[in-house]
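Novice: Residue numbers (our numbering), protein chains in the order written: chain A, 1 to 271; chain B, 1 to 355.
For the record, the hints were derived by calculation from the structure and aren't laboratory data. Ideal Cβ positions, reconstructed from N, Cα and C, are used throughout, including at glycine. Careful, some of the hints might be misleading.
Which residues of chain B face chain A? A few of them, derived with a C-beta cut under 10 Å, are [unchecked claim]:
#1 N63
#2 D91
#3 R100
#4 S102
#5 Y114
#6 W115
#7 T118
#8 L176
#9 P282
So these bits of chain B aren't anywhere near chain A, every CB distance computed over 10 Å [stated by the list, open to error]:
#10 K72
#11 A75
#12 A196
#13 E230
#14 E257
#15 R281
#16 T296
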Amino acid sequence: MFVGRVRAFVVRDFQLAVSYRLEFFMRILSVLFVTTTLYFISQIFASGFATPYEQWRDPFLAWITAVPFLNYFLVGFSSLATAIRSEQAQGTLEGVLMTPINIPTLIVSSSAWDFVQATFHSFLYLFFGSVLFGVHYRGSFLLAVLFLVLTTLVLASVGILSASFAMVFKRGDPFGIIIGTGSALFSGVFFPTQLLSQVGGSAFGTISRFIPTTHGIEGIRRVLIQGQGLSEVREPVLSLLAFLAVLLPFSLWVFTRAVRRAKREGSLIQY
Amino acid sequence: MPSVKENGLDAAITIDCVSKTYPVPLARTRQLFRMRSAAPVEALREVSFDVREGEIFGLIGRNGAGKTTLTKIIATLVQPTSGAVTVCGFDSVRDEERVRASIGLAGAEERSFYWRLTVEQNLTFFARLYGLSARGARRRIAELLELLELASLRRRRFGELSTGNKQRMAVARALLNSPPVLLLDEPTRSLDPVAAARTRELIGRLARSTPPATVLLTSHNLAEVEELCERVAVISRGRIRALDAPRRLRSAHRQQEHVRLAVGGLSAERAAALLRGVVARPEVSEQPGAARVGFTREVGDDLLDRALRALAAEGRVISCEAERATLLDVLETFEREDEAAGAGAEGEEPKGVGV
Numbered sequence: 001m002f003v004g005r006v007r008a009f010v011v012r013d014f015q016l017a018v019s020y021r022l023e024f025f026m027r028i029l030s031v032l033f034v035t036t037t038l039y040f041i042s043q044i045f046a047s048g049f050a051t052p053y054e055q056w057r058d059p060f061l062a063w064i065t066a067v068p069f070l071n072y073f074l075v076g077f078s079s080l081a082t083a084i085r086s087e088q089a090q091g092t093l094e095g096v097l098m099t100p101i102n103i104p105t106l107i108v109s110s111s112a113w114d115f116v117q118a119t120f121h122s123f124l125y126l127f128f129g130s131v132l133f134g135v136h137y138r139g140s141f142l143l144a145v146l147f148l149v150l151t152t153l154v155l156a157s158v159g160i161l162s163a164s165f166a167m168v169f170k171r172g173d174p175f176g177i178i179i180g181t182g183s184a185l186f187s188g189v190f191f192p193t194q195l196l197s198q199v200g201g202s203a204f205g206t207i208s209r210f211i212p213t214t215h216g217i218e219g220i221r222r223v224l225i226q227g228q229g230l231s232e233v234r235e236p237v238l239s240l241l242a243f244l245a246v247l248l249p250f251s252l253w254v255f256t257r258a259v260r261r262a263k264r265e266g267s268l269i270q271y
Numbered sequence: 001m002p003s004v005k006e007n008g009l010d011a012a013i014t015i016d017c018v019s020k021t022y023p024v025p026l027a028r029t030r031q032l033f034r035m036r037s038a039a040p041v042e043a044l045r046e047v048s049f050d051v052r053e054g055e056i057f058g059l060i061g062r063n064g065a066g067k068t069t070l071t072k073i074i075a076t077l078v079q080p081t082s083g084a085v086t087v088c089g090f091d092s093v094r095d096e097e098r099v100r101a102s103i104g105l106a107g108a109e110e111r112s113f114y115w116r117l118t119v120e121q122n123l124t125f126f127a128r129l130y131g132l133s134a135r136g137a138r139r140r141i142a143e144l145l146e147l148l149e150l151a152s153l154r155r156r157r158f159g160e161l162s163t164g165n166k167q168r169m170a171v172a173r174a175l176l177n178s179p180p181v182l183l184l185d186e187p188t189r190s191l192d193p194v195a196a197a198r199t200r201e202l203i204g205r206l207a208r209s210t211p212p213a214t215v216l217l218t219s220h221n222l223a224e225v226e227e228l229c230e231r232v233a234v235i236s237r238g239r240i241r242a243l244d245a246p247r248r249l250r251s252a253h254r255q256q257e258h259v260r261l262a263v264g265g266l267s268a269e270r271a272a273a274l275l276r277g278v279v280a281r282p283e284v285s286e287q288p289g290a291a292r293v294g295f296t297r298e299v300g301d302d303l304l305d306r307a308l309r310a311l312a313a314e315g316r317v318i319s320c321e322a323e324r325a326t327l328l329d330v331l332e333t334f335e336r337e338d339e340a341a342g343a344g345a346e347g348e349e350p351k352g353v354g355v
């Protein structure tokens, strides 16, 4: 039943997506453009680039292993709130909530298509990097997927909190932009996080440790760039599990209360 | 409060002292910052009634009377402030998933479908959410499209459908999981007369089927309510003002009827003379070839018989029409009473039987 319902959402969103065919192909083209842009920027440092940071000896490799995943993480964060807002605005949320669907199923199902899309786009980044620009990935892809799943679950928990905000206040969450740009700044997508401490002091550098994306990207890079195994990446795995243990039950509790509050106020389909 | 078993039939829907006041969003925060805010809106006040299994039950009232709020509470989309609703024995707050599995709601909201998806894609999506298998969904959708005359439009996008067909889609969705309880909000509002008649026929058939569907019908079409419903509740300003069979509601509301006769072979003057001593203050006028006579009588008295005999002695009665109270009169009366009493009318006992 659960799988059938999730599949129904994925099929629905796919049908809606292909009803906008041009956008579908433009997104693929944009992935190609971003990958190519990152490659050409990396060529600035192609000759005589020395760095003490092992993961950054090839900046293109460092970016290509972080940018698609950052995008993936942000989908985890924003997709549920976006889906809820969109269903409220379209007026379809009431129709969906009239069916015997429970809250966890609704949460997973509403974001499912976005994850399918984000997975496809992440794969495209890695594919273009490898096929067009000769990037070689080391280590276990399965381990990289473990980091991907864990980090996504943590950010999805934050996303559930964001969706609760959207459900009650009928506004897109105000934290989305901060989470996006903040992750780019503090989680080491474009430069090593060690630079934060060196330039801004240790307190500034500590901020990055409280951002789940930092641990996710660190883990993925250790696996795909440095070729490390599970025993060597235990620390980022445990950090992500700790985030997850706190955030997931809390966010589900908040979301259930948000739905109840919207029902009390009779504002489920207001937007 | 009526018992669960009423007249030997199980109650499919039980509404027990339900009140609903919509709170002001962020009231405490507004209070804290001393911001001005609107008063909470009382949408329902201590509403109680049962809908029996297999019954078609009408809920009538003006816009804003509380019909939609009550329907949404039954459908678990809105929580009551106090009181309880059970559907097929399940509590609408504690067992909301089971209640939703027992209910089909056809609302008047066109936006509740995906406009860029086809008729079939929309219904398939909702059928899967109701837990139908892929094959089961295909079969059920084919049946419903045939039943609601939408089969030729199955590949048409929802946004391209006429308003009437969108309305039929809402009914089709409500029937997807063959629910024991149907909540129909103006199901024939945008349909042409033929389609509306067929939909009414379908509603009647569903209530007579085995097992029977219980229908709660909210409508502004009072003729439709009279035709379909065994019992009707009149709701005004959030309170049930009367609940009974339509015929009894009308007669309880007004004991009199106005009679109009056309009598050939008589002048108005002669008709008035013949009625003297029979009818007090008759309205008499003359039209080409006939005298027109009108008078008011108590329902069931012998005044009509005596008037007919008196007039037939010298003329011939061409037509006879009696104008009784309609549900609209009932509705208007309660509305007038409420307006006169003001919003603060409290402690008034509802009229009618079975409340």
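Novice: Hint by hint, say whether it matches the structure.
Specialist: Against the structure, the hints:
1. Annotation: interface hint on B/N63 violated; nearest CB of chain A at approximately 16 Å, more than 10 Å.
2. Residue-level restraint check for B/D91 is violated (minimum Cβ-Cβ distance to chain A is 14 Å; threshold 10 Å).
3. At a threshold of 10 Å, the smallest CB-CB gap from B/R100 to chain A is about 4 Å, leaving the interface hint in force.
4. Nearest Cβ of chain A to the Cβ of B/S102: about 9 Å, under the 10 Å cut. The hint holds.
5. Given the 10 Å rule on beta carbons, the hint for B/Y114 holds: about 6 Å separates it from the nearest Cβ of chain A.
6. Restraint check, B/W115 versus chain A: the minimum CB separation of about 8 Å is within 10 Å; hint holds.
7. Taking 10 Å as the C-beta cut-off, the interface hint given for B/T118 holds, the closest approach to chain A being about 8 Å.
8. Because the beta carbon of B/L176 sits about 9 Å from the nearest beta carbon in chain A, less than 10 Å, this interface hint is met.
9. Hint status for B/P282: violated, given a least beta-carbon distance of 54 Å to chain A, over 10 Å.
10. Taking the minimum C-beta to C-beta distance to chain A, about 7 Å, the non-interface status of B/K72 is violated against the 10 Å cut.
11. At the 10 Å boundary, the C-beta of B/A75 falls inside the reach of chain A, the nearest C-beta of that chain being 6 Å off.
12. Every C-beta of chain A lies more than 10 Å from that of B/A196, the closest at about 23 Å, which supports listing it as non-interface.
13. With a least CB separation of 26 Å from chain A, B/E230 remains clear of the 10 Å interface cut-off, as annotated.
14. A cut-off of 10 Å between C-beta atoms confirms that B/E257 is not in contact with chain A; the least separation is 42 Å.
15. B/R281, annotated as away from the interface, keeps every beta carbon of chain A farther than 10 Å; the closest lies near 52 Å.
16. At roughly 45 Å from the closest C-beta of chain A, the C-beta of B/T296 stays outside 10 Å, upholding its exclusion from the interface.
In the structure shown, a violation is registered for the earlier hints numbered 1, 2, 9, 10, 11, in ascending order.
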